[in-house]
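Listed here are the chains, written in short residue letters.
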Amino acid sequence: MKRVVITGAGTINALAQDVPGTFAAFREGRCGIGPLDIRDVERLAVRIGAQVKDWEAEAYFNRQQIALYDRFTQFTLHAAREAVKQSGLHFCEELGLRAGVVLGTAGGGVNTWDENYRSVYEEGKNRVHPFVVPKLMNNAAASHVSMEFNLMGPSFSVATACASSNHAMGLAFQMVRSGAAPVMLAGGSEAMLCFGGIKAWEGLRVMSRDACRPFCANRNGMVQGEGAGVFVFEEYERARARGADILAELAGFAMSSDAADIVMPSRHGASRAMEGALRDAGLPHEAIGYINAHGTGTTANDKTECAAVADVFGQHADRLMISSTKSMHGHLIGGTGAVELLACLMALRDGVVAPTIGYQEPDPECALDVVPNEAREARVDAVLSNAFAFGGLNAVLALRRV
Amino acid sequence: MAGNVRDRVIAIIAEQAVLDVQDVRMDSTLEDLGIDSLGLVESIFAIEETFDISVPFNANDPSESDFDISSVAAIVAAVEKLVTDQKG
Chain P
1 MKRVVITGAG TINALAQDVP GTFAAFREGR CGIGPLDIRD VERLAVRIGA QVKDWEAEAY
61 FNRQQIALYD RFTQFTLHAA REAVKQSGLH FCEELGLRAG VVLGTAGGGV NTWDENYRSV
121 YEEGKNRVHP FVVPKLMNNA AASHVSMEFN LMGPSFSVAT ACASSNHAMG LAFQMVRSGA
181 APVMLAGGSE AMLCFGGIKA WEGLRVMSRD ACRPFCANRN GMVQGEGAGV FVFEEYERAR
241 ARGADILAEL AGFAMSSDAA DIVMPSRHGA SRAMEGALRD AGLPHEAIGY INAHGTGTTA
301 NDKTECAAVA DVFGQHADRL MISSTKSMHG HLIGGTGAVE LLACLMALRD GVVAPTIGYQ
361 EPDPECALDV VPNEAREARV DAVLSNAFAF GGLNAVLALR RV
Chain C
1 MAGNVRDRVI AIIAEQAVLD VQDVRMDSTL EDLGIDSLGL VESIFAIEET FDISVPFNAN
61 DPSESDFDIS SVAAIVAAVE KLVTDQKG
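These protein sequence lines are chains P and C, in that order.
The working numbering numbers the first residue of the first sequence as 1 and each following residue consecutively.
The working numbering numbers the first residue of the second sequence as 1 and each following residue consecutively.
In isolation and in its complexed conformation, chain P is listed as follows (with noise of 0.2 Å):
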């Protein structure tokens, strides 16, 4: 078995569109959720969001490009080139031949469903764009990324709702492991924050009007968030051989499904999805100073994952920290985990351990180090990143520091 590494990262979410930026808004712990600026927003009972501001895509692709790409797949290939440009990789010949690229996303293209869906039944018009499949298409921003940097070898996405990019990434992470393929770009994105994708979302009656406090007494709910993170992925040898800046080891990956409720999250599932992948990781339970929670701000997500924690960890669930970054960047459904490995990698990285925002009350069934409102400094030696989706799907992925 090979060792993995990440020698790449890139994102666009609503704190910045770039990585120095989204770690500079971590340690300043500022809120990226706001009102939300969409048509018809009016006709919603919840009116924010966090929402990618200012973001001119003209300024980065043509217009032939613009009418086959919805905005999730240009977020993808926005956080595709920072993430490939930090790597200093060149996908030429053979090493094209055998890369490739798995991202998650939930939704796709649903601002392309939205549009178009509006012009035939609203407006009742009888003809679509020709391109409206391939921009919509669930495969179309790996199929993007895959053109755009010559990915030839394994390429496909992934979706299982919130758990998505952590699926897509620890897929990703299992074939170089395995040497299936030397390097792997990996992440996902999403962008449903359009009329349809809120009013989906509003009916399950689990979004919050104010702000996403997670482990907060008085936290009333979850709030959604778009964007895309994207990595590169590397054999460990490989990247030392070229001199590569290492910025984390991706040392295990488990999956578990709770096989019990299509909504309510289970304790036992989130639990044997941790445990299994400190065991993948072969990390005793002690080393993990850092869990990015899955965290969502609902009342059921963030007991039952903190009971998890405590089962996992026994004591040193007290002295790890803990800390939910959707309180900053809102919860990006299918490209959630990808943007929270952020916050794994500065922990690691750059001892900075990003803070649970807006923590007004401490919950006694959520007792554990959430660190609140403030970025803390803290040596951290390995982490765990949590996502556990609708329909009890989990996904956990372990880091270590190099």
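Keep in mind that the hints were calculated from the coordinates and are not lab data.
Remember, it's a predicted structure, so these values are computed and weren't measured experimentally.
A portion of the hints provided could be inaccurate.
Under the rule of at most 27 Å between Cα atoms (straight-line distance), these lysine-lysine pairs were calculated in the DSSO-like manner [to be verified]: (1) K2(P) x K85(P); (2) K125(P) x K199(P); (3) K199(P) x K81(C); (4) K87(C) x K199(P); (5) K199(P) x K53(P); (6) K53(P) x K85(P).
So the derived label-pair ranges between C-beta atoms look like this [claimed, not checked]: (7) D318(P) x S63(C): 26 to 32 Å; (8) S257(P) x S63(C): 29 to 35 Å; (9) D61(C) x E286(P): 53 to 59 Å; (10) V21(C) x D210(P): 57 to 63 Å; (11) N62(P) x S70(C): 57 to 63 Å; (12) K87(C) x Q315(P): 56 to 62 Å; (13) Q64(P) x Q86(C): 47 to 53 Å.
Idealized CB from N, CA, C, for every residue including glycine.
Got chain P; can you put chain C on it based on the hints?
Just chain C now, kept in the frame of chain P:
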């Protein structure tokens, strides 16, 4: 109208609980009837559609929502009030 609201709310709850309307008592709780959180959200949706009203309810904190769901009688009373307030 009041009796009508009661019958229709009971019919919605009975359907969700897969029970006959006679088996839904005014002092029953949703738990007694076997209605879980998803069933509750579906019932509220059906109530909104039936009466053309908007029900203030956040599943994260049912106890702090303005909509009292502690028993069938409480739900009926809450719906009657919302119908009066919102439909004049």
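*Note whether the CB distance of N62(P) and S70(C) lies within 57 to 63 Å or breaks it.*
Roughly 60 Å apart at Cβ, these two residues keep to the hinted range, so it holds.
Does the hinted range 57 to 63 Å hold for V21(C) and D210(P) at CB? 39 Å, violated
*Beta-carbon spacing of K87(C) to Q315(P) - inside the hinted bounds 56 to 62 Å or not*: The hint (56 to 62 Å, Cβ to Cβ) holds, given that K87(C) and Q315(P) are roughly 57 Å apart.
| Is the distance from the Cβ of D61(C) to the Cβ of E286(P) consistent with 53 to 59 Å? | 36 Å, violated
Discussion item. Please verify whether K199(P) and K81(C) have alpha carbons no more than 27 Å apart.
Written reply: Holds: K199(P) and K81(C) sit about 26 Å apart, inside 27 Å.
message: Hint check: K199(P) vs K53(P), CA-CA at most 27 Å. Holds or violated?
response: Answer holds: K199(P) to K53(P) is near 20 Å, not above 27 Å.
Holds or violated: are the alpha carbons of K87(C) and K199(P) at most 27 Å from each other? Holds, because 23 Å separates the two Cα atoms, which is no more than 27 Å.
Q. Per the hint of 47 to 53 Å, is the separation of the Cβ atoms of Q64(P) and Q86(C) within bounds?
A. Cβ of Q64(P) to Cβ of Q86(C): about 50 Å, so the range 47 to 53 Å holds.
ask   = How does the Cβ-Cβ distance of D318(P) and S63(C) compare with 26 to 32 Å: does it lie in that range?
value = Given about 29 Å between the Cβ atoms, the range holds.
### Task
Mind checking the alpha carbons of K2(P) and K85(P) for me, to see if they're no more than 27 Å apart?
24 Å, holds
Open item on the list: Assuming the hint says 29 to 35 Å, is it satisfied by the Cβ distance from S257(P) to S63(C) or not?
Closed with: With a Cβ separation near 31 Å, S257(P) and S63(C) satisfy 29 to 35 Å, so the hint holds.
Pair hint K125(P) and K199(P), alpha-carbon separation not exceeding 27 Å | 23 Å, holds
The structure does not agree with the numbered hints 9, 10 stated previously, though it agrees with the rest.
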